[in-house]
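Peer 1: Residues per chain, in single letters:
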Amino acid sequence: MSTHTPQSRPWALKVSGLGRIYGDPSPASLTGTGPEHGTAVSPSTGAVVAAWDVSFEVAPGEALGIIGESGSGKSTVMRCIAGDEAATTGGIALRSVADGTVNLCDLLPSARRRLRLKDIAAVYQDPAAGLNLDVTAGGNIADPLTAVGWRSYDGIRQRAAELLERVEVPLSRMDDLVRTFSGGMRQRVQIAKALANDPPVLLLDEPTTGLDASVAAGVLDLLRGLLEETGVAAVVVSHDFGVIDMLTRRVLVMKHGRVVESGLTDQLLEDPQHPYSQQLVAAARG
Amino acid sequence: MNTLSPTRTGTGASRAGALAGPDPRPGIFDELSKRELRRAMLSGIAIPGYQVPYGSREMPVARGWGSGGLQATLSLVCDEDQLKVIDQGEDAGVNASNLRRLITEHTGAGEETDTRAADIIQSRHRIPEQPLTDGQILVLQVPNAEPLFRIVQEMDEQRRMHAEADYAKMWVWLYEDIVHNGLITAAAGYPVLVEGRYVMTPSPIPRWDVPKMNDSDAITILSAGREKRLFAVPPHTRVVPLTFDDRPFEVEYTPGTACRLCGSDDTYLVEEPGENGAPGTWSCSDTDFCTRRRTGDAPADVAGQPVELARAALRRATREQEETS
Amino acid sequence: MTTVTPVQTPVRPGTPAHVPGVPGDTVLSVRGLRKDFTLHTIDGRTVDALHGVDLDVRPGEHVALAGTSGAGKSTLLRCVYRTYLTGSGHIWFRTAGGELLDVAALPDADAAELRGQEIGYVSQFLRPQPRRSVISIVASAGVARGMGRADAREAAAAALRQVAIAEHLWDTHATVLSGGQKQRVNIAAGTIAPPRLLLLDEPVSALDPANRAAVLDLIARLEETGTAVLSVFHDLDAIERLATRVVVLGGGQVLATGAPGEILHDPNLPLEVAR
Chain L
1 MSTHTPQSRP
11 WALKVSGLGR
21 IYGDPSPASL
31 TGTGPEHGTA
41 VSPSTGAVVA
51 AWDVSFEVAP
61 GEALGIIGES
71 GSGKSTVMRC
81 IAGDEAATTG
91 GIALRSVADG
101 TVNLCDLLPS
111 ARRRLRLKDI
121 AAVYQDPAAG
131 LNLDVTAGGN
141 IADPLTAVGW
151 RSYDGIRQRA
161 AELLERVEVP
171 LSRMDDLVRT
181 FSGGMRQRVQ
191 IAKALANDPP
201 VLLLDEPTTG
211 LDASVAAGVL
221 DLLRGLLEET
231 GVAAVVVSHD
241 FGVIDMLTRR
251 VLVMKHGRVV
261 ESGLTDQLLE
271 DPQHPYSQQL
281 VAAARG
Chain P
1 MNTLSPTRTG
11 TGASRAGALA
21 GPDPRPGIFD
31 ELSKRELRRA
41 MLSGIAIPGY
51 QVPYGSREMP
61 VARGWGSGGL
71 QATLSLVCDE
81 DQLKVIDQGE
91 DAGVNASNLR
101 RLITEHTGAG
111 EETDTRAADI
121 IQSRHRIPEQ
131 PLTDGQILVL
141 QVPNAEPLFR
151 IVQEMDEQRR
161 MHAEADYAKM
171 WVWLYEDIVH
181 NGLITAAAGY
191 PVLVEGRYVM
201 TPSPIPRWDV
211 PKMNDSDAIT
221 ILSAGREKRL
231 FAVPPHTRVV
241 PLTFDDRPFE
251 VEYTPGTACR
261 LCGSDDTYLV
271 EEPGENGAPG
281 TWSCSDTDFC
291 TRRRTGDAPA
301 DVAGQPVELA
311 RAALRRATRE
321 QEETS
Chain B
1 MTTVTPVQTP
11 VRPGTPAHVP
21 GVPGDTVLSV
31 RGLRKDFTLH
41 TIDGRTVDAL
51 HGVDLDVRPG
61 EHVALAGTSG
71 AGKSTLLRCV
81 YRTYLTGSGH
91 IWFRTAGGEL
101 LDVAALPDAD
111 AAELRGQEIG
121 YVSQFLRPQP
131 RRSVISIVAS
141 AGVARGMGRA
151 DAREAAAAAL
161 RQVAIAEHLW
171 DTHATVLSGG
181 QKQRVNIAAG
191 TIAPPRLLLL
201 DEPVSALDPA
211 NRAAVLDLIA
221 RLEETGTAVL
231 SVFHDLDAIE
241 RLATRVVVLG
251 GGQVLATGAP
261 GEILHDPNLP
271 LEVAR
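Protein chains in written order, with my numbering: chain L, 1 to 286; chain P, 1 to 325; chain B, 1 to 275.
If you want the ones that stay clear, here's a sample from chain P, every Cβ over 10 Å from chain L, calculated:
1) E80
2) E252
3) R260
Now the stretches of chain L that chain P is said to cover, found in silico as 3 or more residues with beta-carbon under 8 Å:
4) 131-138
5) 152-161
What follows is a list of derived Cβ distance ranges for each label pair:
6) L:G17 with B:G24: 37 to 43 Å
7) L:V102 with B:A158: 47 to 53 Å
8) L:R179 with B:G70: 55 to 61 Å
9) P:F149 with L:A98: 35 to 41 Å
10) L:T180 with P:R260: 45 to 51 Å
11) P:F149 with B:V176: 52 to 58 Å
12) P:E252 with L:S16: 55 to 61 Å
13) B:D48 with L:A98: 49 to 55 Å
Hints in this document: simulated from the structure, not taken from any laboratory.
Glycine is no exception: its CB is placed at the ideal position from the N, C-alpha and C atoms.
For reference, chain L alone in the conformation it holds in the complex:
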């Protein structure tokens, strides 16, 4: 039979009905929150509905964007998928884990962390969140490799060199502490580390925010090339339409914890439907 129907599209990551509430998780907290109320804070319970009813699938080789301003919940969604924080409700499944039949939210924290070795990798806006700055570039890449059992020093160095080459970090800097690296270079090392074990799913949280424009452009180029070549399924979280436009094929727009619109990235830029999306696009267009 077909593998092509919407129902059986070969997704690598599937998120369904994801929600994250800080504070009282009862349904009462939902009332009066969301874009139509202009707030994510429940008027009755004071809980913050950081994300609610977020669902999407990402296919291998596909990049999905999540765009929204700060506080829209986009980073919360990413952190829930990464396992950095626990979702209040909903399902997260990876094709690589029991063929997608396991809800990652049901796993123990330890099992959840183990997924970060091979099944899912994250690149954070702040390289210090994903790297040990007092370890060499090679040593940072050695971390995920040794974690999955690499025990050959020369083998690790060879793999680290390959990865650094791929992210265009000069090999002469492999044995320098990451602390001595520029922001763009640190971000490249973080990307190399994330790719070390060829994860099928890659999460990118504002990967170029805070970098100088020219440096950010270089990192974006690199990411676009890697997304094309590796066949990884990527989720790109950004407040910047330029980043989303360059890296993703489809996009979700979030506001006050809810998805207000989703579509093909160029369609969202050319023909946004929701008033908030139109406002975002208008702002991005200057």
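Dock chains P and B against chain L, hints included.
Peer 2: Same frame as chain L, now just chains P and B:
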């Protein structure tokens, strides 16, 4: 439960004393605490390499000066036991003598220097060269129980890493050591993997002694009084020093040296500086073994045969040199 | 011109093989297409663009859209490419596998896949991706249509020669190219491994006469591959030369349809085109 002391029956307060077993000797360690230590040791033996917490008591030695080893030994030793205590391989050192005397005077155990005859051997820096046998217990004083202390500072994170056997950061640390220094420089307390599960520090023994822990006939108890934790290696347990497959574990060795007293070149040797700038001389660190080697009363092979590792490393180095020239 | 068999997309279960009113031989059948824009940032006003457009394009056919500025030509192309969402109506697209899909109602992920493999789009506005070598831009378009990497690179070289991009520019970044060169790179990318349906939105508007001729040649030869073309040109010469049929739009509706010879010389039709 043993006999109850006639002076300790009846009242609720004395019931605890009754549970503690035999009438305590007047002295330095109460029976309830000994029982706590023994339970902790049994837990440690059940989970090789796992750090078991215990309530460390005040001892007549300062914490960090063997109080952990002292509590373990006091909890284990019986009247009929022979006790050996060494400091840097030597029975006659000041610390060793004092600890040995302290224990024997408070327990009735006999003082012993011959490793073969000792039931319990307490040590800080060395494991005897004499292969230990079934029934013997080696008590090591551990100044720093946590092998991860150099890698992460947060104790919660250290515990999590042990619980999940997540030792990648330890491997990164070894990797970085080779990058910066060309080799793994960890000397005393070289990290080992116990029975394929827990990473453990083997106390500040030299690398030379690490192979002796693997598949030993004896029980090893490692106790840290200051950190209030102990861990154990039961007999015939795999103890493997952490290293990369292509960077074999090496021990301390100076080619061409031998003990000036007994002539051994397969024991752990320490250098004594020469007088007036003359070249230093070498002698066995393990004085008991050295004495017996001289009288022909020692086995041909020392425990663990670490010299074989040293010789293999030498052969590798020579081969590499030939290949490059 | 390199011919590549398009990737065979399997037939979707439940996809109708026939839809009443849709001929069996078209690649594209637009039915009752309506599109308007609600501008929330400008007092919520609504702008009408298309009011019920019907249109068919068959394999090997080149249908040119004509009409005055604002007639809805580009809007129609963008609806077909799904850059615009359709208000109502259907955009039936027949895949290489014979299934009939309504682009207007297709899930985003399926629409994206269709674009990679079966529908191409070349616009005067489409910027080539910056900081990327010219040849890799063209080659990756081939890879997206199912070519192997080595084949795609070879085909990209051929396509670049075709549009007269000098070989010493192939490894430079597209940003350093002139406007006309960029547009030719877009065309090379759009026509490598020709898709079943190619949408052209004023693809030669920025080109000088010599390059314009080269690109028109290239488009003319697409017919040999069976590619169906739906185009917007701003000059009558190009339409007359390339189109097999002309559809005149006005006020968001089809005003007339017929052979270029008849339509282009009808003085009663609103054609805002340069001679």
